[in-house]
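Asks: The primary structure of each chain is shown beneath.
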Amino acid sequence: MGTSTSQIEVEHAYREYGAQLWRGVYAYSHGRADIADDAVAEAFARALEGSAHIRSLRPWLYRVAFRQAAERLRSERRAHPDATKVEGASEADPNPHLNALALLNPQQRAVVFLFYYADLSIADIADATGSNRIAVRVQLHRAREVLRRRYGSAVAMREWTPTGGTGEHELV
Amino acid sequence: MNTSWSDELQALDQVGPSRDLWAEALARAASSHLYHGATPGRFHALARMRSWRRRTAVTVSVAVLAALGAGSALAYHYLGPSPGFTAGLSGLDSLPTVPWPSSIPKEGLPQLASATGLTATQAEQRMRLVQSGLSLGNQSVDLYAFPGDDGSACVFLTGSGDICLPTWMRNNPALDGVAWAAWGGDGPVAPTGPLGVFGLVADNVSGVEADISGTMRSVPIVSNSFYANYDQITNKDTIKLIVRFDDGTTRTFSAPNPYADNGPTQLKHLSPPTSTTP
Chain B
0 MGTSTSQIEV EHAYREYGAQ LWRGVYAYSH GRADIADDAV AEAFARALEG SAHIRSLRPW
60 LYRVAFRQAA ERLRSERRAH PDATKVEGAS EADPNPHLNA LALLNPQQRA VVFLFYYADL
120 SIADIADATG SNRIAVRVQL HRAREVLRRR YGSAVAMREW TPTGGTGEHE LV
Chain F
0 MNTSWSDELQ ALDQVGPSRD LWAEALARAA SSHLYHGATP GRFHALARMR SWRRRTAVTV
60 SVAVLAALGA GSALAYHYLG PSPGFTAGLS GLDSLPTVPW PSSIPKEGLP QLASATGLTA
120 TQAEQRMRLV QSGLSLGNQS VDLYAFPGDD GSACVFLTGS GDICLPTWMR NNPALDGVAW
180 AAWGGDGPVA PTGPLGVFGL VADNVSGVEA DISGTMRSVP IVSNSFYANY DQITNKDTIK
240 LIVRFDDGTT RTFSAPNPYA DNGPTQLKHL SPPTSTTP
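From first to last, the protein sequence lines stand for chains B and F. Using numbering that gives the first Met the number 0, the letters of the first sequence map in sequence onto residues 0 to 171. Using numbering that gives the first Met the number 0, the letters of the second sequence map in sequence onto residues 0 to 277.
Just so you know, the hints here were simulated from the structure itself, not pulled from any lab data. We put the beta carbon where it would ideally sit given N, CA and C, even for glycine. There's no promise every hint is true.
Examples of chain B residues lying across from chain F (beta carbon under 8 Å, computed) [said to hold, decoys possible]:
hint, residue
1, W21
2, L100
3, Y116
Derived Cβ-Cβ restraints for the label pairs, each shown as a range [unchecked claim]:
hint, chain 1, residue 1, chain 2, residue 2, range
4, F, T237, B, E144, 42 to 52 Å
5, B, R132, F, S101, 46 to 56 Å
6, F, S17, B, P105, 16 to 26 Å
7, F, T237, B, S55, 35 to 45 Å
8, F, S17, B, G129, 21 to 31 Å
9, F, T233, B, G129, 30 to 40 Å
10, B, N98, F, S205, 46 to 56 Å
11, F, G132, B, R54, 43 to 53 Å
12, B, D118, F, D230, 44 to 54 Å
13, F, T214, B, E144, 51 to 61 Å
14, F, G87, B, H79, 43 to 53 Å
15, B, R147, F, K105, 51 to 61 Å
Produce the complete structure using the sequences and hints provided.
Replies: The structure is reproduced here in structure tokens:
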């Protein structure tokens, strides 16, 4: 493998895990399909423009998309500080059952998604979230504690785990 | 609700994007060169964007041109010429060239030139004044453009920004040869403000209409360019462009509202057509 990414690889990446990236932003933004659409399109657009300088495409895409979503959420909060639901958000939420994940902050949601759903390594999660490995483990630990308090059993948290783990999963 | 968090994660399998985001990404990547002097922070962000793109423009252009070359030849053979700029920009070509205007910064010129198959000097020498004395809010603005090689071109609205159809994207069906943008006057820092809708269309375009939240307005085509001024729109307005081709087809493009919350830092000039009618 080379040290940079070609435009063809960007297209392959979209086909391979574009939908997963979308779901990650969707979970991160707590069910905002409009934000997920915008963030994913923008992330791949930037990847197309700067593909020659991207070393690890998948975490890079997540990082750009999450930042895009975070910026959008921040701007909405500034514009509507008292609103519980921002105008423009999908009224017909296609997946309104994000109750447990709603207990987490966006960063924790991102980490939980990347670890348990996207099956990224701790290193890649750190890359994807613009953080470091220790911070990722702390975020995961705190997220699990929140979920444990709400759902009572750590066993329940492991009733579904992705296949093909990297081995780093045991570290948290 | 007793749904566990792992069930929630699994349920994400059932949702996904509702439209083709790859086409949208291609359209967004086509071109976006802003030099709008709004807030300092915004200005620096844009400056970084230009530098970043400048470094990658040549690499990306070469790679994509090679990939598109064979496909373009096949498409031309079986489908005929693209309805975009490859149909010609005769009106623009016939205009006299003018010196590069001082109102348009030249710092992004090498990048724009590269995207249109030219050297910076060539691009500068091809500059045309296509419309002048236009209104944008309380500003007087001009529309400039230069034709590139092989069906590409760039168009500039002084004080606002520019939009190009680069050589490496001209055969992208999502763009279809129509390069246009919508941008505000003094900076989209308020929820309302003026709007300028501008762009270039090829010779085989017979009409252009702007659609602001359902209100249609016919926009005259002048030397392959068009410009429509709106004194005030709000951040809730929708912005669309309807382009009618000589062959009877109509394509509708959408642009983001520059006054929307996430608009200023990511003006997306182009988006895939949302409908095509024979």
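Asks: A separate judgement is required for each hint: does it hold in the structure or not?
Replies: Comparing the hints with the structure gives:
1. The interface hint given for W21 (chain B) is met, as the beta carbon of that residue sits about 5 Å from the closest beta carbon of chain F, less than 8 Å.
2. Against a cut-off of 8 Å between C-beta atoms, the interface hint on L100 (chain B) holds, since the closest Cβ of chain F lies about 6 Å away.
3. Annotation: interface hint on Y116 (chain B) holds; nearest CB of chain F at approximately 5 Å, less than 8 Å.
4. The beta-carbon spacing between T237 (chain F) and E144 (chain B), approximately 44 Å, falls within the hinted interval of 42 to 52 Å.
5. Separation of R132 (chain B) from S101 (chain F) is about 52 Å and conforms to the stated range, judged on CB atoms against 46 to 56 Å.
6. Remark: the range hint 16 to 26 Å for S17 (chain F) to P105 (chain B) is upheld by a beta-carbon distance near 22 Å.
7. For the pair T237 (chain F) and S55 (chain B), the beta carbons lie near 38 Å from each other, so the given range of 35 to 45 Å is met.
8. Between S17 (chain F) and G129 (chain B) the beta carbon distance is about 28 Å. The supplied range of 21 to 31 Å therefore holds.
9. Distance hint check: the CB atoms of T233 (chain F) and G129 (chain B) are about 34 Å apart, consistent with the given range 30 to 40 Å.
10. At about 54 Å, the beta-carbon gap between N98 (chain B) and S205 (chain F) stays in the expected band of 46 to 56 Å.
11. The hinted range of 43 to 53 Å is satisfied by G132 (chain F) and R54 (chain B), whose Cβ atoms lie roughly 50 Å apart.
12. Take D118 (chain B) and D230 (chain F): their Cβ atoms lie about 53 Å apart, and the range 44 to 54 Å holds.
13. Separated by about 54 Å at the C-beta atoms, T214 (chain F) and E144 (chain B) satisfy the suggested range of 51 to 61 Å.
14. With their beta carbons about 48 Å apart, G87 (chain F) and H79 (chain B) fall inside the hinted range of 43 to 53 Å.
15. The hinted window of 51 to 61 Å between R147 (chain B) and K105 (chain F) holds, with their beta carbons roughly 60 Å apart.
When the structure is compared with the earlier hints, no violation turns up for any of them.
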